[in-house]
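A.B. asks: Protein chains in written order, with the working numbering: chain A, 1 to 476; chain B, 1 to 476; chain C, 1 to 476.
Read the hints as simulated data drawn from the structure, not as lab findings. Bear in mind the structure is a predicted one, so any value in this text is a computation, not a measurement. Where is the CB? At the ideal position from N, CA and C, for every residue including glycine. Please note: incorrect hints may appear among the correct ones.
Ranges between beta-carbon positions, derived for each pair [as the list claims (entries may be wrong)]:
| # | chain 1 | residue 1 | chain 2 | residue 2 | range |
| --- | --- | --- | --- | --- | --- |
| 1 | B | Gly132 | A | Gly132 | 28 to 38 Å |
| 2 | B | Pro268 | C | Gly358 | 55 to 65 Å |
| 3 | B | Asp265 | C | Val259 | 21 to 31 Å |
| 4 | C | Glu344 | A | Asp273 | 39 to 49 Å |
| 5 | A | Pro213 | C | Arg54 | 54 to 64 Å |
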Amino acid sequence: MIDHALSTAAAGRGIPSGDALLPADARTRAIARELYEAVATAPIISPHGHVDPRLLLDDRPFRDPAELLITRDHYVTRMLHSAGLELGALGLDPRRTVDPRDIWRRLAANWHRFAGTASGYWLSHELSSLFGVDEGLDEVSADRTYDRIAAALQKPEFRPRTLFDRFGIEVLATTDDPLDDLAPHRALAADPSFAGRVLPTFRPDAYVDPEAPAFAADVSRLLAATGEPTTFAGYLGALAARRGHFLAAGAVSADHGVVEPFTVDLDPAVAEDLFGRAMAGDLDSPGARLFRGHMLFQMARMSVDDGLVMTIHPGVRRNHHGPTFERYGPDTGHDIPVTTEYTENLRPLLEAFGTAPGFHLVLFAVDETVYSREIAPLAGFYPSVYVGAPWWFLDAPDAILRWRSAVTETAGFYRSSGFIDDTRAFLSIPARHDTARRLDASFLARLVVEGRVPLSTAHRISRDLVGTIPREVFKL
Amino acid sequence: MIDHALSTAAAGRGIPSGDALLPADARTRAIARELYEAVATAPIISPHGHVDPRLLLDDRPFRDPAELLITRDHYVTRMLHSAGLELGALGLDPRRTVDPRDIWRRLAANWHRFAGTASGYWLSHELSSLFGVDEGLDEVSADRTYDRIAAALQKPEFRPRTLFDRFGIEVLATTDDPLDDLAPHRALAADPSFAGRVLPTFRPDAYVDPEAPAFAADVSRLLAATGEPTTFAGYLGALAARRGHFLAAGAVSADHGVVEPFTVDLDPAVAEDLFGRAMAGDLDSPGARLFRGHMLFQMARMSVDDGLVMTIHPGVRRNHHGPTFERYGPDTGHDIPVTTEYTENLRPLLEAFGTAPGFHLVLFAVDETVYSREIAPLAGFYPSVYVGAPWWFLDAPDAILRWRSAVTETAGFYRSSGFIDDTRAFLSIPARHDTARRLDASFLARLVVEGRVPLSTAHRISRDLVGTIPREVFKL
Amino acid sequence: MIDHALSTAAAGRGIPSGDALLPADARTRAIARELYEAVATAPIISPHGHVDPRLLLDDRPFRDPAELLITRDHYVTRMLHSAGLELGALGLDPRRTVDPRDIWRRLAANWHRFAGTASGYWLSHELSSLFGVDEGLDEVSADRTYDRIAAALQKPEFRPRTLFDRFGIEVLATTDDPLDDLAPHRALAADPSFAGRVLPTFRPDAYVDPEAPAFAADVSRLLAATGEPTTFAGYLGALAARRGHFLAAGAVSADHGVVEPFTVDLDPAVAEDLFGRAMAGDLDSPGARLFRGHMLFQMARMSVDDGLVMTIHPGVRRNHHGPTFERYGPDTGHDIPVTTEYTENLRPLLEAFGTAPGFHLVLFAVDETVYSREIAPLAGFYPSVYVGAPWWFLDAPDAILRWRSAVTETAGFYRSSGFIDDTRAFLSIPARHDTARRLDASFLARLVVEGRVPLSTAHRISRDLVGTIPREVFKL
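Extracted from the complex, chain A is given alone in its bound form (with noise of 0.2 Å):
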């Protein structure tokens, strides 16, 4: 019913082929796929991300296809555990060798779960496209598909840096810890035998939260780092050298991911008694979180001083399940959304920096009901506020149609910041970006054949969502 066929030129660029994810009705899908096809091979911008640049510095072999597809993506990890597999089976404790042949098959049967999950798609594209694996998984292709991945991974084509090439990747950003010194990043960049641009991302949020489980150690390296007091004023100082820094080597953009998007300007004596309580481990939790909504405040000061798009991830508690966050440490797999509020805790934010020229905010969210709530009505206003792609949970091909149905009818499509996938798993990049153009193709093809865009502004629209759009807001 479905043409399944890979056309050579999508299958090396990892894309699905054929009419995966366009919209059943066949007028619309008709158009949809004229939309698509017009920027299926259109270059890659990935502004935010979780690859390793290492990865492509070193761009070694990977090693097996569970350490590929399974044990670093804690997309997959998480939903085998719910099905009642420990962490430590597969390959999650770093003091146990477990067989990767183990964890595959671990994967193949339960290989039913992820259907219909955002997670059984990409890896079904990424088995068929780059390794021609069509058949489901199941306990009887358990075996075969392994060893047909772990043959090609040792082939030349399956190098991360090839990778990179056939995937059509024009820049890729990393997230990185502000002390950390890019060399890999400087390094990729001077290699004349690596054309693509690998652009680092501050990230400070261990260095601003108080609450983090190591915070004075961390601003003291940090101080010590640049030479700065231990005061306000030299902390704001090494925060903004270390943002110089990143600036140098490439970065476009500062990343802060915070439970809520408090934000509140303090007097600066009540910010520098605050800081030495922080620095003293002697703040409460309600001073904590003025201190936190301060910083923020700071970074917004700080990317209107220097540049750097601002980008807020918030709403997550993490490490929810405590005995897991001790044996297996963070991104484990139980992170978990909360309510998130942004009209009234980015208000100071947004009066002191919302019309600032050059400001560049984009809002990211789990919480859905923001989308028409807070951030659209937000975007649509303030010429420093983009609507952020669906992020981690709602990057999904129903999240990501629910998502446009819900900020375009405010705020339109040029106040959103283009996809971001936001991904460790690097084999999973072009299916992803190639199911947000599915998704977009879809949504301008409903509002074309529903009368309210015409053809040709769909068109420029999906050409501007993978080039202008994300280019402008992230200053590439």
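Given chain A, work out where chains B and C should sit, using these hints.
C.D. replies: Positioned in the frame of chain A, the structure of chains B and C alone reads:
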């Protein structure tokens, strides 16, 4: 692909023609078209809006295309502001003269930003159906379209009263200050050459919120105008007297714009004390909240007494960007929604008046989450409660369908209010009502195709939604 | 346009025939029909509901059409109340005799108000498939349809046990007070002439909430019945003993109706103190909240110990309209949902028991916002957590599709609970389960057409959703 030809009749009324907004599926579209066509030219009942009655009283030609379609419509100016344009350059600064043609050119240059927005849809259909402008706006077409519209505005058929007739408006409600003398309404009612009904609406917000900028001064004027003493009883009497003044001028409803629909029934001595402190400018924030909550309760009591339909429009943080408010005043595009709670907040009001005979309470929302969770369940029990039509950021095509989907399964069609345009933009009235009619037809057609509602019932509902229902809900 | 002809087999089972609820697009509909037909007559597993077991024990004919379809269904009476009818006129006042034919006439006169509602859909299909009433109700048809149904109710094939068999019910769970002797359940199990499984469900709400109207008296009866002392340990022992009593009578689950799913693990001395004050009627509101939170935690611990599946139905403000509650009692149509929070509230419970072997926790919701934000992410990590099927106001066609769309991309199909009818209306059971089957088929068909799930996988999922999954989740 889509029939863009305009029928003369529809065009004359400012109604987009063809299959705009109807669903893609051919069978569903055919039923939707049948349902829509049966109500397309039904009279417009507009029981809540913000058109200035002097527009119709004076019946002067509109000044120019920019004033008509841009400057006075904060939906449009906020989008241009988000594109980086200053509001002063769009004609919002009374101290600065801007050539309206320049404003028009700015709209044209940014026309692509409106693609997919509700404002863009309405504007394009106003341009097409009223002015025959079927081309998209851009730098090239800007002057040509400006001249065409400017020329049309000089013709008698574009005078406000003529448009009122052409649009088929049967009832148009305005929104008015309690101390307004309502002279324009009375003059229009007395004018034998004008057959339309233009009704005032009682909107007491500034007089019931102790934190409003001029509360004490406004209430003093209110008491002086009605000869009431400065006591809580006098204050209630003064409000009741002004409601009577509005009723005498044809008003059918009282409207309440509150941040939260909090209600509370206070002991008279407590109310008296709060009132005294409010008038003295000596009421703290919790006290002000209690006072507002009690006044919303009192307004319901008065509606039970005098029969004015009570409408509540809650959940908007007004004037989010202080600097813009200070420079350009209110209603300049930065009113941003917040989470709103109805179940607990309205409980005291509904315990007291929820089953009172003849009491009508229409609940609007800019927070979509309350549709299925709070408003529809309330309207599905209380005979007084009606589900308000989608409001403000949510009266757009997709949002209207989401709303019907969220409320209908719990409350049916007959607990909804009928469409409300709530607009200051006179020319957009037919486009907005037409949008609602097309989407109700689309929603009903889907229920027919899914075997959930017989076609004959869908026809009855479709007709009732534009006639029986708004007439009953608003006591017209 | 739609085939309304009923197949004899389907009609006999109370199943609407034809393509009802299937999607409009022809290709998608064909796949949906194929998926649906493969499970249309699968046995009904109903692991949570409110049917009185004596209905089946006594097996008496239903009294009249009004008692059968209106009076006992607060979904129906609330809608008639919202139309302005007094509940007393609908048979809800035991002190007042109302002719059931009059009640039926009132339903008929207001039949248009049910168009598009879930209740209207179920009722119309019960009328059609069970009683051959295919015409719409109105003043003209009221008496004719009343007589037809009344006559049918005298026939043996409309006795409860015969309907139980005709409906194909395999398991039916009731909801019961912890002190219930469960005699009807035991008698049914011992009856050789009745082959169905009718299982009790442990529902301790009144015994774990110090703010429940008769908490101390109820707990005293509980302690007396189990011979436990008036200590916190005795109280826990008494609850455990009654759970054992339920387990012995075949219970598989314990259900918890709380306003908020707040949980906390208290120090035993604190719990003992709170218990003492609760029994003395001397516990303030914050203390009562702590006690409830600790008891939800303790109930989870007991489920880990004894294996009863834990289900939570939170987020409803019961008896919103005091005057109606005082006159007509609970469950009279004014229970209204409120915002509900799961991520933080359930964290203590899940930290302690979230990965406990054999623990099953099914989370229901009447607040749609938590589907994608909280419940699906929790179920996508914790092996104990299942996404409860749409509940109460949300078990309607559009709402069911919104739910699948919101949770599946994060948690897949295999972390969902299977359908729960949760009804007091015995006759609506097949219509409700059939609704869920049609919509799951529709949802899956769309994923097939969009190339996201192979058709063979969709068939497997569709079968599992009505068999394997509810059996596994509810340990049947």
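A.B. asks: Take the hints in turn and mark each one as holding or not.
C.D. replies: Hint-by-hint comparison with the structure:
1. Gly132(B) / Gly132(A): 28 to 38 Å: violated, 57 Å
2. Pro268(B) / Gly358(C): 55 to 65 Å: Distance hint for Pro268(B), Gly358(C) holds at roughly 60 Å.
3. Asp265(B) / Val259(C): 21 to 31 Å: holds, 22 Å
4. Glu344(C) / Asp273(A): 39 to 49 Å: Violated - the Cβ-Cβ distance for Glu344(C) and Asp273(A), about 30 Å, lies outside 39 to 49 Å.
5. Pro213(A) / Arg54(C): 54 to 64 Å: holds, 59 Å
Consistency with the previously given hints fails for numbers 1, 4, ordered from lowest to highest.
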